[in-house]
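S.K.: Sequence:
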Amino acid sequence: MLPRLHLQSDVDPVVLTFLHELEAAGFTGDIETQYSSRLAVATDNSVYQQLPQAVILPKSTEDVALIGKISSKPEFERVTFSPRGGGTGTNGQALTKGVVVDLSRYMNQILEINAEEGWVRVQSGVIKDQLNDAVRPYGYFFSPDLSTSNRATIGGMVNTDASGQGSLKYGKTSDHVLSLQAVFADGSILETDMSHGTPDEGNYAFKAMKVTEAVCRDKRQQIIDKFPPLNRFLTGYDLKNAISDETGEFNITRVLCGAEGSLAFITEAKLNLTRIPKARTLVNVKYDSFDSALRNAPLMVEANALSVETVDSKVLNLAKEDIVWHSVSDLITDVPGKEMQGINIVEYADQDEKAVEELVAKLTASLDVALANQQSGIIGYQVCTDLASINRIYNMRKKAVGLLGAAKGRAKPVPFTEDTCVPPENLADFIAEFRELLDSKQLAYGMFGHVDAGVLHVRPALDMCDPKQELMMHEISDEVVKLVAKYGGLMWGEHGKGFRSEYGPAFFGEELFTELRRVKEAFDPHNKMNPGKICTPLNTNFELVKVSDRKRGYYDRQIDVQVRDSFKQAMECNGNGLCFNYETSSPMCPSMKVTADRRHSPKGRAGLVREWLRQLTEQGIDILDLEQQTLTKTPTIKTMIDRIRNRINQRHEYDFSHEVYEAMNGCLACKACASQCPIKVDVPSFRSRFLNIYHSRYQRPVKDYLVANIETMLPLMGKAPKLVNGMLEQKWVQSLTAKTVGYVDAPLLTVPTLAQRTRRHPVASFDMQYLAGISKEEREQHVIIVQDPFTSYYDADVVEDFIALAIKLGKKPVLLPFKPNGKAQHIKGFLKQFKATAESTAAFLEKVADLEIPMVGVDPALVLCYRDEYAEVLGDKRGDFSVLTVHEWMKPRLSEFATSDNTNGEAWYLLAHCTEKTKLPNAEKEWGEIFAHFGGLLKTVPVGCCGMAGTFGHELDKLQMSKDIYGLSWKPSLETLPKERCLITGYSCRSQVKRFEHVKPKHPLQALLQLI
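Going by numbering that gives the first Met the number 0, the sequence shown opens with residue 0, and the numbers climb by one from there.
In case anyone wonders, no lab produced these hints; they're calculated from the structure.
There are no misleading hints in this set.
Quick list of in silico lysine to any residue cross-link-like pairs, SDA-like style, CA-CA up to 20 Å: (1) Lys407 with Arg563; (2) Lys938 with Glu928; (3) Lys206 with Thr539; (4) Lys277 with Asp349.
With the hints as constraints, model all of the structure from the sequences given.
M.R.: Next up, the structure:
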């Protein structure tokens, strides 16, 4: 049986006392000390892992100031802090053994937009894409771009002085920061534009202003000589640009930009905005080698391009295996007879359309000459002018960071030397030597980056669970530092220092580094702000963090290698954080969107499962053997009694497993993560395995048995639907069900039943012998309808209408006898029962498949279960059969069906099921083509999850979350659309809309039936 897991690391009593005083003093935000919350922020997108003492989530600048004020008491001197935003850093900037102060959950408001003057004021937790969505209607955007723009916060961008594509023209974050609101370690607040007056003498803000200005002026020439003249001059404290070359004025804002939270908390920012260009064009230039792409890039910069981004063949090939490729495959086509080893993505953008056209024409003319003469390794190019296509290409490029983590094998491309910056003219030679270094160690790697700025992201593939390869990482880091110095560049051109801070003294030299420490001492004399990053206060013995500090691999290698391989969906998460995607219309992780709790994200859940596996291994538990026992053995009476006893006692006994369960319990099993995540972190897969093992110790709640056995009960309930419905409509039954089972809003069975409805149509009952005996030509005219429990029993008119549609299309429908699908069992972790269901149903469907008649199901989630969960649990024993969705069946057969023009021109609106959209990325497009064939106009409505997710929305403890998720994108979309024209593919989604909007929406096939 699963053992009880104890708390692994206690919180420092001094920190606990500080937290109690903070709360008593009127702190209004959240304070979290549970192990799971701390673990969720113990990693970022780097290779490091540090468990903090606590997580504090303030709601206002006053809350942040209170943190500083209380912690400045002598008894709390050793309490340290690290500010955190989206947690997408690649060098551990926000990781700490102290207290994490997360400003992303609450401090994420856009405070003021001044369209006339072109600026905006925001809280630091605002996400970059969120900001752009808000200012787009005014014709502006915040121009510093970065690949993590849909989850990176403005505070994080300021702290790392972030930039990315287009930086030659648009600059970096610091070039657009007009002023900042900063809170110091003593609680003093500084408005850097001085509009609120100068800081009071005696507080940290006053001393920081005075000392930093003196350093910048006294050491001006040394600073100018030392800081490289690069587009990416990120060095920590930007002393060079703190003094204006034009006016000679001192601006402390520039010093705070790029300080990685080591000087003060950034709570608000006033930002300059840029006009959205009226004309944009991308030219995708294809090369026969990556070296050719690098060496050709400077010519494109000279051709006045806004930006030149490069991607190597490794990244391109990974993109081709990802869901993202379907959106760009026609924009970056292969060159017949040539192997595309790299591309340059060249952009032109301007307010003047004619100027862009002329520049593009000039470039393409030169490319045509190169092609004709077989020069520069150019093998082709494509021009893209529409904004939607341009955005799709950049989305692919942005996903490159995560895609590298999807490389097969235990060695994964990892960040640590991935933002080197050298003068662009030196880039090709620098990369050639860099490649020699990696090749000498026989390492695979992927490359992409901003060649216009001399920044290239190089990620060597290492197995960080192997101590020898971890040591190799340190060796490579040291060698690359020497290499960038040779070519006049920086080790940290874009992603900050973090754990690479140890290289700072060598880069700056002792004298200048001492001045940096003087600045740190003025801002933060007791080293409380992100200690060890960039530098330490002067006249102290605090140490810098090191490249060799503890990494996630140290903990992961404690898990048995076979267990690691078995749970790779959790183990391979690299922390890229795409699951924090802010867009409400994105299907990615709805639970994270409504809770803003990192534990309730694929990244958080993966991290919790890794730690759960580590603790089990530490206790000597053979996890795979334990799992096998749950799948093969029947529990004894003693075991069942123990489970009940353990469940009763669980409130009084700590078990880390409960914290993991809490995070898993909030998962909707929507499967978006399994395809949207570049690493394919599949939470429903390892969630079901966790629940199966967890409940070997703790008795399940009653509602789980109800859900798992619903498919067995429905055929019986369907024999007396009016009686069942009459009971379910009774208030006392509803109240009793809610109290005793925890189940609400139970749907009513369809009356008339499906069996009664089929009598209205010439639909054949399934007869294997008869169908096997007819000719192949006759069989081609048939279609077998595979029933699912929810549509057949709760939404039978959809199945009836599919029968009618098939007949209208000239086909002969055959209704397959109902066989349980088992998805509900999988969701609840009844893996033994699910495997038995899957084996039985798969064997039956495989026999039916021998007839070579297409099998079609109307609910996409349950159809896809046959492909995904069945393959997962049965492996090679799944058999060879295919069940299609309605659109998959219709699309290839459109030529067989007569076209129709029976339409009034009024549009239909498609709201697709989130699992369908992520597993079948062309589904919406293909539905549109089907409608067009029959004279209909179908418009896709971008929505995320509806919040129902099978039975999730019916569970009392999930009801509020279900409502909140529905309110993200479904409710706002339906409020603006004619509900009678809205079409919904998923039963769960139709059920949710019916519950909250009190209308019964149609499946797309029902609209087609009207059209034809």
